[in-house]
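Visitor: These are the residues of each chain, in order.
There are 4 protein chains.
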Amino acid sequence: MIRCGEIIVRGFHIDIFSHVNNARYLEFMEEARWVVIDKYIGLKRMQAKGIIFVVVNININYRRPASVGDILELYLGLTKIGGKSAVFYQEIRLKGTETVVADAHVTFVFADKNTGKAVKIDDEIKRLIGKIKI
Amino acid sequence: MIRCGEIIVRGFHIDIFSHVNNARYLEFMEEARWVVIDKYIGLKRMQAKGIIFVVVNININYRRPASVGDILELYLGLTKIGGKSAVFYQEIRLKGTETVVADAHVTFVFADKNTGKAVKIDDEIKRLIGKIKI
Amino acid sequence: MIRCGEIIVRGFHIDIFSHVNNARYLEFMEEARWVVIDKYIGLKRMQAKGIIFVVVNININYRRPASVGDILELYLGLTKIGGKSAVFYQEIRLKGTETVVADAHVTFVFADKNTGKAVKIDDEIKRLIGKIKI
Amino acid sequence: MIRCGEIIVRGFHIDIFSHVNNARYLEFMEEARWVVIDKYIGLKRMQAKGIIFVVVNININYRRPASVGDILELYLGLTKIGGKSAVFYQEIRLKGTETVVADAHVTFVFADKNTGKAVKIDDEIKRLIGKIKI
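Residue numbers (my numbering), protein chains in the order written: chain B, 64 to 197; chain Z, 64 to 197; chain R, 64 to 197; chain D, 64 to 197.
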């Protein structure tokens, strides 16, 4: 898996139960996907192709609570790539440990930016994100 | 399913692709769960029992994009209740239609607020949320 | 002032100090502005004029903490309208009381959607939002 | 001023007008304050003193829009410290330039964590954050 940066848990990430709120983890995971898109595809290339990145399913496990001051590491790999859709596997770990705070399978498509319909994933994109296949 | 209110999509819910951002849907769905907890269990009752509500898995489908001005309706029902965990099914629909914008299965436990460990769901809680079984 | 709806404080609005987080109040206040824009100007009218609503300054007082379960009411009025900028005064009150949780002066302009430059506020817009002058 | 890290603008920071949303800047600025609290005071020291950090006023100027891919640098300095309150000045700049995207004066107090009332800022705290006086 690719390491996509880290996040220090702050007071504004926390909810009433003193742990990082569920929705925030999705922002942390989106951050990781942007890192990967930037590095392996490029937003400009997507704009040139007239496509946008659309998440169609997220299946996320919340395994351990994270608290203020915890340093979280973001990991991401590609598990599957088909004709029109693909799947990232993402982990959020406590820095410097094997402890997984949350993990998710994220299924996505590339959609035509005008019609919003999923398009066939072309060979160039397949080759580019194929580099992070796990 | 129980109708848990509605949300008008605003400019700050939108992301770069002009649609409601993935993480926001989780806030909308959490809003629905709070409505249900308030009405069927009560935060005070949970505090008296020394338990907190902990989501352990969310499996969410993003079916249609939602845009500024769309009015979204929140629906929730209980699909399963076991010894220590239970599952809500939640839908976000375009108001006044059958169109599902997003739906999710949300698996949760009640945890001891001190140890953080999942506890057996007691009969009172089972009876209370059993009312919204679908 | 115009009443622009209400918000029930939920667990995900809360931060480490058990109160609504500073940034959230800005979302609550933006919600109130969208209500006013919808009702008194209309996003379509703005799109037809090729203008967008741009906030240039917010001066916000956090007067009382708000906690889970509090019901907040959103109020908004126009205090000043000039050639190119105008000022809303916004209050968030505890429902059914005169208690102000937060208040703000919000200075805004209308900008050309292509150049991003502030444009002269035209007579139609002045007349429309002039209705909520306080 | 102290440099408190940087943030790359992502798709989920953006709102309907394709720019970073107003409320997000407050999260970015809160991030900078946590960096400073961590480094110059310490959350543990505050907990030992039984105090919490409470913002009472933010006066923020939105000077330039920021867009996806922009790298923002966070800066913070102390401008004033009195008996019970103090003021940070914060800037968000486009990385590697003098361009200020947003700046704010943030007035804060330390409150007793039980009563919520502002307490006298003690000499130790004054000395510690006095180091970043500008």
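For the record, the hints were derived by calculation from the structure and aren't laboratory data. Be aware that one or more of the hints could be misleading.
[As the list claims (entries may be wrong)] In silico DMTMM-like cross-links for lysine to aspartate or glutamate, where the CA-CA straight-line distance does not exceed 20 Å: (1) B:K158 / D:D101; (2) D:K158 / D:E136; (3) R:K158 / Z:E136.
Note that the structure is predicted; figures quoted are calculated from it, not measured.
Visitor: Now tell me if each hint is right for this structure.
Guide: Hints versus structure:
{"no.": "1", "hint": "B:K158 / D:D101", "verdict": "holds, 18 Å"}
{"no.": "2", "hint": "D:K158 / D:E136", "verdict": "holds, 5 Å"}
{"no.": "3", "hint": "R:K158 / Z:E136", "verdict": "violated, 24 Å"}
Hint 3 from the earlier list is the only one contradicted by this structure; the remaining hints agree with it.
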